[in-house]
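Novice: Protein chains in written order, with the working numbering: chain A, 483 to 745; chain B, 29 to 340.
Heads up, a few of these hints could be off.
Claimed, not checked - With a straight-line Cα cutoff of 27 Å, these simulated DSSO-like cross-link-like pairs (lysine-lysine) come out: (1) 606/A <-> 296/B; (2) 625/A <-> 296/B; (3) 296/B <-> 646/A; (4) 606/A <-> 248/B; (5) 625/A <-> 606/A; (6) 606/A <-> 646/A.
Quick caveat, the hints were computed from the structure, so don't treat them as lab data.
Here the structure is a predicted model, which means the values were calculated and not measured.
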Amino acid sequence: MTETGSTLHESPMTEQHSTERARLRFEHLSMVFPDGTHTLDDISFSVEPGEFVTVVGPSGCGKSTLLRIASGLTEHTGGHCDVDRDSIGYVFQDATLLPWRTVQRNVELNAELHGMSRSERSAKATEAIELVNLVGHEDKYPKQLSGGMKMRCSLARSLVLNPKVFLFDEPFGALDEITRERLNSEVLDLFQREQFSGLFITHSVSEAVFLSTRVLVMSQRPGRIIDDIAVPFPYPRHHDLRYGPEFGEVAARVSHGLAEAHA
Amino acid sequence: MSTDTSTDTGTGTDTVTPTDELDEVVPATAAAQVVDATMTHGPARKRIRWGDVAPPVILFTFIVGVWYFISYVMMNEQRRGVALPPPHVVIDEGLLVWEDNRGIRPILEAMLVTGRVALVGLLIAAVLGMAIAIVMNLSRGMERAIFPYAVVIQTLPILALVPIITIWFGYGLTSRLIATVLIAIFPVITNTFFGLMSADRQHHDLFTLNKASRMTRLWKMELPGAMPAIFTGLRIAAGGAVIGAIVGDFFFRRGDIGIGRLIDNYAKELRTPELFVAAIVSSLFGILIFVLVGMLSERVLRSWHDSAARVT
């Protein structure tokens, strides 16, 4: 809360939750891989309840590593990472569906691996499939789905466990613009309904601003946070928000930050 | 073909109307691909076209013609009977005779004996080969320990092993099975192993995030993902098992007569028409077992794996 507190209160969503403790917190986090690659340097920020934080930065600056550390997939080498690992949803770059399972059985996977009973996980999956608008496709196999539908299925799989923290590792990068914007809106619907905290990685400035309560800009490797931009628009956000002048202003600031990061 | 498209519209009419969703979300081309995919893998079978059948039929006719030509024009009567009896003689003497020691009957009986060895051997090779591959996959140390010997099994000329197998296990069924398994097991081991190893890194991450145990990982991710590779191995092994069983017949000469030994006998006795039929029957058996494994593979993989549509 200390160093990031001031920006937090500018965002309307956070007001009501600000008394709760941060769901995800990095303190002076650094990461040096065994081969000597210095990937992250002195990263400090937290994601509060009701916050949706997006990290943008040049390729290879360590954004994904940040998520891997948060989820426990990678062990960091310095500083602290504080998060409840039992309540994390992780959305990968690819949908990462098991091709031999139907949509229904893919959505059930996480719950199944956590030992949830058959009837309970089936009911949860049905609910999640409704939330991501995949009703009617339950019995299809991944090869029968479009890219957007695969990502929806992947989202649903994470939703089944009702995570408090959702980590998104550039999930929509491979999709066409229309599908991507549609999924952005759907992610925001889920964000409001499920009340999770989001940490999102992307290359797209427009996506970052549209989704987030805050955008963090990372420098080239070793990645540091070089800008922290509050996004003041209230939720629910309409698709057309993207075309307003206020949106343009914020996007311009993120864009300039990115240009600096590349310098 | 209409069944697949109708499920899209039919199931969700009273809920979210997924068709509208689909039209808006998926660009037209992608939607077309989705429908395409369901159609090519749906129950609709390809119709047999004359253009597909004619070329092999014409070639077959041509080969039979050449056969007659060589038989009658290039050979005198004496050589003809021994080296290349014309097709109708092969059919008359080899195929259409049903007696205890002549014609097709002993050939089919011998094929049954050999076929059983091949099938049982293939089954043993499949189970044992997959088990070995799984053990290699579970432990790096096991992989290092076992793999060189798996390669040795493959490169050893099986004939060189025959005397040793004979000394240890005699001339009976056990020895025939061992020879068969030795030939068939290597492709099962390697294909299963590399299938297990090729599991996607992100799938591993997914299972790690869900705190899956090693056996869960194997059972729910690596093994199903390895099925296409495993079936490739089994198809190669099927051919090998037939060869192994026939080779076994030649060398382990106790018990019921197998097709390999029968072929050997016919060759020595100059019963050429029956020799031809025996060779053709054993080839057909090899094809049959290969096709059976292919059909099994298609049945298991059809719903989710692209290669399944091209198999057989």
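Novice: All the hints need checking, so say for each whether the structure fits it.
Specialist: Hints and how they fare:
no., hint, result
1, 606/A <-> 296/B, "violated (72 Å)"
2, 625/A <-> 296/B, "violated (57 Å)"
3, 296/B <-> 646/A, "violated (81 Å)"
4, 606/A <-> 248/B, "holds (20 Å)"
5, 625/A <-> 606/A, "holds (23 Å)"
6, 606/A <-> 646/A, "holds (16 Å)"
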